[in-house]
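Student: As a plain string of letters, each chain reads:
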Amino acid sequence: MTTTVPAPAGTGAPGRATIAARTLRTDRWWVQPAITVGVLVAFIVYSTIRAFENANYYVEPYISPFYSPCITTACQGDTFPKLFSGPSFLTPALYILIVPLGFRLTCYYYRKAYYRSFWLSPPACAVAEPRAGYSGETRFPLVFQNVHRYFFLLGLVFNAILTYDAVLSFRDHEGRWGHMGLGTLVLLANATLLWLYSLSCHSCRHIVGGRLNNFSRHPMRYRFWTLVSKLNARHMQFAWVSLFGVALTDLYVRLLATGTITDLRFF
Amino acid sequence: MTYDAKLRVWRGDADGGELRDFTVEANDGEVVLDVIHRLQATQAGDLAVRWNCKAGKCGSCSAEINGRPRLMCLTRMSTFAEDDVITVTPMRTFPVIRDLVTDVSYNYEKAAQIPAFTPQPRDADGNHRMQQVDVERPQEFRKCIECFLCQDVCHVVRDHEDNKKVFAGPRFLMRLAELDMHPLDNLDRRKVSQENFGVGMCNITKCCSEVCPEGIHITDNAIIPLKERVVDRKYDPITWLGAKIGRRPHS
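Just so you know, the protein sequences line up as chains B and D, in that order. Each residue of the first sequence is one higher than the last, beginning at 1 in my numbering. Each residue of the second sequence is one higher than the last, beginning at 1001 in my numbering.
Just chain B, with the same shape it has in the complex (with noise of 0.2 Å):
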């Protein structure tokens, strides 16, 4: 019988050039993974703290996009009706969190700066990575990476919620319409980077025209293509800014909700 022996992993393999360093670069280029893993730390911990909070996330006519849409009969906001009554221990923000955390989990964007930075796969090019086995996304779970477009549908139909949101912000605290305030602008500049970001992503380019192969065929797709493509190369940048901005739009409506600070009022 015979037995193979499997190759040493990596540039260590028979036959390549024999050095031993991990990596021969000179630069800092353990800088981008450690800046990520600190946002995304910060973010995923604020993000956590809030949703368990189940307090501050409503004050009229202001709701957070972390509560948003408002679907159980304990959820404070008024922008949504009311589907159902859920156990107490699960915070209204529980129920919904799974679509945007889903679409940015499996955001072709956010995969890669993960994959570097928390799964160090690898951290830096050039860099060797630290583990001997690599089946990518070809199993389970990775393989689930695959569901991202429908993360994308369902977050348009978030966007399109908050947006409403945001347009609901133009009325007073008693409902009347005619206000603005610092919020509504808030509010607004949220709904309006989380629309840049879900249509920058490469799930919509597909979709749009990207499967297509005769785009003469097909002149209104190919027109939505090119835009979409025109976002898609800022997609990186939508993807932080729009991050901050859901954080910074939670912590506006908290910090209102709690006292802390009153609201600049336009009108």
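These are calculated hints, taken from the structure and not from any lab test.
Once the Cα atoms are required to be at most 35 Å apart in a straight line, the calculated DSBU-like pairs of lysine-lysine come out as: (1) B/Lys230 / D/Lys1234; (2) D/Lys1143 / D/Lys1164; (3) D/Lys1191 / D/Lys1234; (4) D/Lys1191 / D/Lys1165; (5) B/Lys112 / B/Lys230; (6) D/Lys1164 / D/Lys1110; (7) B/Lys230 / D/Lys1143; (8) D/Lys1165 / D/Lys1110; (9) D/Lys1234 / D/Lys1110; (10) D/Lys1244 / B/Lys230; (11) D/Lys1143 / D/Lys1191; (12) B/Lys230 / D/Lys1057; (13) D/Lys1191 / D/Lys1244; (14) B/Lys112 / D/Lys1110; (15) D/Lys1244 / D/Lys1165; (16) B/Lys112 / D/Lys1244; (17) D/Lys1054 / B/Lys230; (18) D/Lys1054 / D/Lys1006; (19) D/Lys1191 / D/Lys1110; (20) D/Lys1165 / D/Lys1057; (21) D/Lys1244 / D/Lys1234; (22) D/Lys1057 / D/Lys1191; (23) D/Lys1191 / B/Lys112; (24) B/Lys112 / D/Lys1164; (25) D/Lys1057 / D/Lys1110; (26) B/Lys230 / D/Lys1191; (27) D/Lys1057 / B/Lys112; (28) B/Lys112 / D/Lys1143; (29) D/Lys1143 / D/Lys1054; (30) B/Lys230 / D/Lys1110; (31) D/Lys1054 / D/Lys1165; (32) D/Lys1165 / D/Lys1143; (33) D/Lys1191 / D/Lys1164; (34) B/Lys112 / D/Lys1234; (35) B/Lys112 / D/Lys1165; (36) B/Lys112 / D/Lys1054.
Following the hints, position chain D against chain B.
Tutor: Then chain D, alone, in the frame of chain B:
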């Protein structure tokens, strides 16, 4: 201005080797390949280095400079400080032949396995016709000079020798995308892209795009669209159903 550049160059072959230090004259406007040539001319006459056009168009002088996959002819000496030690090694993903020259036949083997361009029948007048707007996407990929830096930097094969059997690498995923997007091509390459060439192995960390000397957006414009096409076929029941009932042909 002339100064003495400090070089560390890998010397050896498949049986072993080491980084050796050299001091070589460098002049204004030179690139790393110039200095390597001067090293070969003045101190190491048997230094093996593959090169051809010295203009970033032939893709021959691929190497790793300070650990980064680069073309030696496109890496200006002015990007380094005069007292920097510049380390030059062969590409670390492929078997070394000697010094800076590697055996890149893995790439040619993968290229040979890709199903060839399969055009639809000609028009009645005997011509093939396509619109410029339809070929613009694949044309970006035709800029490839096959320097194989993207193959070198891709961690899927760089860090995992065994994956060479099941993964074609970014250059050839891009070739598959190019053919799959081609307006005149009739062959559906989505199944082989997944099952034979390992598009699912790519975790889109974009190093291929970072090192491409032609600036091709390999990940965004080729690999991710190819992944999305594979999703259409394999993981999207709505698209699958649309194709089955004839509402969504693969075109």
